[in-house]
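**Student:** So the chains spell out like this:
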Amino acid sequence: MFDPDVLTMLGRGLMESLYMTLVSTALAYLFGLPLGITMVVTDKEGIYPRETLNWILGLVINLLRSVPFLILLVMVIPITRAIVGTTIGTNATIVPLVIAAAPFIARLVESSLKEVDKGVIEAAQSMGASSMQVITKVLLPEARPSLIMGGAIAVTTILSYSAMAGFVAGGGLGDIAIRYGYHRYQTDIMLVTVALLVIIVQVLQELGMKLARIGDKRK
Amino acid sequence: MNEEHPIIKIEALGKIFSGSDGDFAALEDINLEIRSGEIFGIIGMSGAGKSTLVRCINFLERPTVGTVYFDGQNLSDLTKRELYHIRQSIGMIFQQFNLLMQRNVLGNVCFPLEIAGVDKKEAVEKAKKLLSLVGLTDKTYSYPSQLSGGQKQRVAIARALATNPKVLLCDEATSALDPATTRDVLMLLKDINKRLGITIVIITHEMRVIEEICNRVAIIDSSRIAEVGRVENIFTRPKTSAARRLVFPEDRSMENLPGKRCCRIVFDGNSSFEPVIAGMVLDFRQTVNILFADTKNIDGKAFGQIVIQLPDNELTADRMMEYLRAKNLTVEEVDGYV
Ligand SMILES: Nc1ncnc2c1ncn2[C@@H]1O[C@H](COP(=O)(O)OP(=O)(O)OP(=O)(O)O)[C@@H](O)[C@H]1O
Ligand SMILES: [Mg+2]
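Heads up: the protein sequence lines correspond to chains A and B, in order.
Positions 1 to 219 (this note's numbering) are the ones given, in order, by the first sequence.
Positions 1001 to 1338 (this note's numbering) are the ones given, in order, by the second sequence.
Hints were generated in silico from the structure; no laboratory data involved.
Heads up, a few of these hints could be off.
Lysine to aspartate or glutamate pairs mimicking EDC-like chemistry, simulated, CA-CA at most 16 Å apart [unchecked claim]:
1. Lys1190(B) with Glu1061(B)
2. Lys118(A) with Glu1061(B)
3. Lys1166(B) with Glu1125(B)
4. Lys1194(B) with Glu1038(B)
5. Lys44(A) with Asp1071(B)
6. Lys1190(B) with Glu1211(B)
7. Lys137(A) with Glu1082(B)
8. Lys1166(B) with Asp1071(B)
9. Lys1166(B) with Asp1178(B)
Okay, the calculated bits of chain A under chain B, using three or more residues with CB under 8 Å as the criterion [what the hints assert, rightly or not]:
10. 20-27
11. 111-122
12. 125-131
13. 206-219
Only part of the chain A face toward chain B is listed, based on derived beta-carbon distances under 10 Å [claimed, not checked]:
14. Pro49
15. Arg144
16. Ala152
Every residue, glycine too, gets a C-beta built ideally from N, C-alpha and C.
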């Protein structure tokens, strides 16, 4: 059953999954990181309190996060078509992945940055640091280990979301699992794809933890 | 030292925190002048408003009313940029040290220079000089998590000095340290004051910190300044009840016993404490009230001082003082205690 064709297909699925996951993660951070920083900074206890803005952004994040991914996948189809030109395949899956992951990442970033000791921020301000300097020289570097851990959580979550995209022919391992396992009852191929997904999650998670630990000077 | 020139001048300052459960006046009608080159203490009970006051000095907290002048400049008049700039002239250290945990010691001391836009090489050079000043050259590449509390505070001091400030604000800088380390850090601050001529403002709730290094002290009590003066004056003749509470924290009955005579007995190791007082009480068949005692027993010898309240009878009181003098003790009558 594992003839070269199947192996090639699995290999391509693996590459597609990794591609979707990594590109989506990168793009989601592009939006999620600044959003998370803004949430922390504009908090009423933050260094640049703007309560209304903070409330609105929080609401948007919560709304996006409360839509189940499969429904979001369908809801954003018009947007996907407008951006990518098609609604199937890996590139088309990246759009809903980014929309779903960015608010999730914003919350991860927010909670990491909130762990930074208020006293250290105050010390920086007492030295004349501007708000921007507090962000770039205190908040982000001091939260680095926690941000990396968050990154590992984000990337593995996005991977599992990407597998769900198989339901709409989104490509990748999830797509294969659904086509063979669900539609054709070829359980063995499905199991192999699931095993591959498990391995990727494991590797990424371990890698993230290790990176976070190496970078952490708190001991 | 220029005795006349106030480096910090606070006028009619007030700070109100508005919370969900109403307004709270953390500071009311504060007027203070801190002179260039002095070590100025601000002491008060927990919650009196000390931290709020010191944070108003560099505008980490904006006063609700009143004015703060730093080196002649009204801080309220400054733009954000100008304020950032002036903060480089006001170093600050904290009870919890507040070091950057992900930077090593050198990186921490370079930090304020980085913020000020100083060239990297120059910053490292300066930082190393400061680390040698605070005696931590061997810890240059250690991380804060590898240091003791006293060492962390030294790093914080070096960091606060990096931008050549004119004033160093210390908010409970020794409160997390043991007595020996406290003394070391205080000596370092004294040395910095003397050698670099930096004005130091010390916030504390411990009288011994004030005694140890301050020239003048302000007592802050429930949001207001109760008393300001030279340390020795406040310490021997506190005028307000707030000051007395701080100087003699042990005694709560004093305020109810006005007009009695008191005397201070200084022990300098020539005799031990208990036999003297006990013997006197036995000889005179009269008890005395011990208002304050701060003595240490070293090898059976007493060092330190106690303040006792003498009996009502003038004659007995006089004779008790004579008795103590006869034991070769330094005895002086003090009048501000009750
Ligand atoms: N941001 C704030 N919002 C509301 N109330 C505050 C705030 N900061 C301080 N306070 C209140 O102001 C009062 C004075 O606080 P402050 O921190 O200045 O006291 P402190 O003298 O430094 O006390 P401690 O010795 O415990 O540090 C306290 O009652 C405190 O609850
Ligand atoms: Mg305080």
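**Student:** If a hint holds in the structure, say so; if it doesn't, say that too.
**Tutor:** Going down the list of hints, with the structure as the test:
1. Lys1190(B) with Glu1061(B): Outside the cut-off at roughly 27 Å; violated.
2. Lys118(A) with Glu1061(B): Holds, because 14 Å separates the two Cα atoms, which is no more than 16 Å.
3. Lys1166(B) with Glu1125(B): violated (20 Å)
4. Lys1194(B) with Glu1038(B): Cα-Cα ~9 Å, so holds.
5. Lys44(A) with Asp1071(B): violated (32 Å)
6. Lys1190(B) with Glu1211(B): Measuring from Cα to Cα gives roughly 12 Å; hence the hint holds.
7. Lys137(A) with Glu1082(B): Cα-Cα ~20 Å, so violated.
8. Lys1166(B) with Asp1071(B): Holds: lysine 1166(B) and aspartate 1071(B) sit about 9 Å apart, inside 16 Å.
9. Lys1166(B) with Asp1178(B): violated (28 Å)
10. 20-27: violated (count 0)
11. 111-122: holds (count 4)
12. 125-131: The restraint on the stretch 125-131 of chain A holds, since 6 of its residues have a Cβ under 8 Å from chain B and three suffice.
13. 206-219: Our answer is that it holds, as 5 residues pass the Cβ test (under 8 Å) against chain B, meeting three.
14. Pro49: The hint is violated - proline 49(A) has no Cβ within 10 Å of chain B, the shortest such distance being about 13 Å.
15. Arg144: Hint on arginine 144(A): holds, closest Cβ of chain B at ~6 Å, below 10 Å.
16. Ala152: The hint is violated - alanine 152(A) has no Cβ within 10 Å of chain B, the shortest such distance being about 18 Å.
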